[in-house]
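Asks: Listed below are the residues making up each chain.
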Amino acid sequence: MSPQPRALKVMNVLSVLLVLVAFLLAMFYAPLEKVMGEVQRVFYFHVATAWVGMLGFIVAAVVAVIYLRTQNLKWDVIGLASVEISLVFFLIAIVLGSIWARPAWGTWWTWEPRLTTAAILEMVYLAYLLLRQGIEDPDRRARFGAVYTLLGGLSVPLTFVSIRIFRTIHPVVIGGGGSEKMSMTGSMVGTMLFSIAVFSLVFITLFWHRVRLGQFSDYVEQLKMKVTQ
Amino acid sequence: MKEIAQTTRPAGNYMRAVMAVTWKDLAAELRSRELLSSMLVFSLLVILIFYFTLELDVKARNGITAGALWVTFSFAGTLGLNRSMAVEKDRGCLDGLLLAPVDRSAIYFGKAISNLAFMLIVEAIVLPVYSIMYNVNLLNLGLIMVTLLGSIGYSAVGTLLAAMSVQTRTRDVLLPILLFPLVIPVLVAAVKASSGFLLALDISEIIPWLNILIVYDLIFIAVSFMVFDFVVEE
Amino acid sequence: MRCLLRKPKVEVEIGMIEVKKLVKRFGLKTVLRGVDFQVAPGEFVVLLGPNGAGKTTFLRILASLSRPSLGHVSVAGFSLPAQSASVRQRLGVVSHMPLLYADLTAEENLQFYGRLYNISAINERITAVLDLIGLAHRRRDMVRTFSRGMQQRLAIGRAVLHDPDVMLFDEPYTGLDQDASEMLDDVLKNVAAAGRTVVMTSHDLARAEELGTRFDILSRGVISASSTRAELGSGNLLTFYKQALAG
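Residue numbers (my numbering), protein chains in the order written: chain A, -5 to 223; chain B, 2 to 235; chain C, 4 to 250.
Excised from the complex, chain A in its bound form (with noise of 0.2 Å):
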């Protein structure tokens, strides 16, 4: 396996540094918000997993397409990759908002279009996991893995657009929703795009040690291969 790129090493180096950066900002730059108190400190990350979480699900079901089109099996290990990190991000975004919705509506979840549809794309990714799982031959699991992402990445925006309608026609009493807007000062909106980058960083730099991690998984199959031949 060939070692860390340099890029990368200095890439894992600055993401955690910058995650500081962005707690420190977030717990003591960012002014106290008045209704919420101190506990609205989450949202920061809340939304910054979230939308690179969306990034990884809008990257899926692109590079899903690709791989159909072209059949090169590297676009499979791209599309596993953001997968995987984009499960993970939407999981810590779901996790940060209960924590923000408990002190604020007194509930731990809020069936807010948002939240559910995240919740609804969890189990869709943990279904593609299962899929690929219960597949031998690597061609077959990365084409039925590139047709289902597809078919996620249409099927949950309609999900979304049909909670949404679901939720103005009937509104549940839970106080809120979640979804209300704040109005935001400038170093608050300056902490959530700081927030959002450095994420996004993160998401690379994961993505790009998960996708080393799956070349070299390959490398060992083929040395496997040609030990048992």
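No lab work stands behind these hints: they were computed from the structure.
Take the hints with a grain of salt, since some may be wrong.
What the hints assert, rightly or not - Just a few of them, taken from the derived set where beta-carbon distance is under 8 Å, the chain C residues facing chain A:
| no. | residue |
| --- | --- |
| 1 | Leu31 |
| 2 | Lys32 |
| 3 | Gly37 |
| 4 | Phe40 |
Claimed, not checked - In silico DSS-like pairs for lysine-lysine, Cα to Cα no more than 27 Å straight-line:
| no. | chain 1 | residue 1 | chain 2 | residue 2 |
| --- | --- | --- | --- | --- |
| 5 | C | Lys245 | A | Lys218 |
| 6 | C | Lys32 | A | Lys218 |
| 7 | C | Lys23 | A | Lys220 |
Backbone N, C-alpha and C fix where the C-beta goes; we use that ideal spot for every residue, glycine too.
For chain A, the structure is supplied; the task is to place chains B and C on it using the hints.
Replies: For chains B and C alone, coordinates are given in the frame of chain A:
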């Protein structure tokens, strides 16, 4: 000697193949009735279970009728989809279908239509039974239309996913896991629209749901048709 | 037994199989490593080889059920996978699975395949084929009630229904009793006599020796040896086979 195989227009051949696959599924099922009977018995059991587990009074029950029906149809639907594909896989018949000199998507349409037919047959029996058991009038034109639209979307995606899941190690178990997250727009829209028709709401409140159903059906029929090749080729 | 297979047309390309440098990989595993294979119209090639050599994979590629990873394949003048539909119209395949629907009758099974292959005057054709394979008396019986031998016969009926120019048989004798095997011998001889091009894989060397005009050995992913019937002489197939594998 005369020509054995006549080349008709490609479109004629395609339709003939689609109809052949559908007819084959329906004819075989009419003989054995295994698929339909298991779907039907399962549906009726689920409806009974709802009664005992949810312990609803008449008023509350009316509110959840649409939901109960669609839960039933979704679960029974997976039984049908699994069975229908398993038949092809077990006897290697899928190869027989793939050897036909016709575009692979014809197989998809043939199977999707027969799967839809099975679902509709079960629904046609369950709806009156539910009506009688729970004293709710379900013979409502709007409800029937919604059931049709929802079943179309469900079968379109379900047939494609069943073709995939039948080729994996985990087979039957995997289909619901793959299907349910993708089919949520159908469930949400179908339940809301059904309730709307049952409660005789104003049509303007029901239209958004119908739109979602129609959009979903169109998108997924188109995509499944385009992507089916990738699922059956080797 | 009446032979209801018409004589092939005179064109050179019908019935010819051409395979050049065929490679088939499943992920990292290479099953076929550059197979070269030609079959002229009317030849009856028996493909032999140990289990796992790739015979079934090879046949599936010829049958257009599997795509080549690399290399060039053409059957009956049409290239695969680009012109698969044209190939399939001229191809009849019999594998060790019967490819029949248990809950349909023999007649219904043939009607189904007849429609898929877009055959005109289906019912007459079905009658003719059922006579050929000796199952006319079981026309309206469900395939579920057939013995293995009868199912294999019906499978052959299905394969010749659309009067293909090229036929592929993958271990067709598997699980057949003596009667059924003899019936299959007859059908295969008829097919050969009518000038059809046949590729058959088999473990049954005795039968192979009787039927084949050429014998190829597939071993470790390539055709390691090939011999025509004339070159081989009679009774030498087993020796030839063992030598080819040892080398």
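Asks: The structure should be examined with respect to each hint, and the outcome stated for every one.
Replies: Now the hints, each set against the structure:
no.	hint	result
1	Leu31	holds (5 Å)
2	Lys32	holds (6 Å)
3	Gly37	violated (16 Å)
4	Phe40	violated (23 Å)
5	C/Lys245 / A/Lys218	violated (30 Å)
6	C/Lys32 / A/Lys218	holds (10 Å)
7	C/Lys23 / A/Lys220	holds (25 Å)
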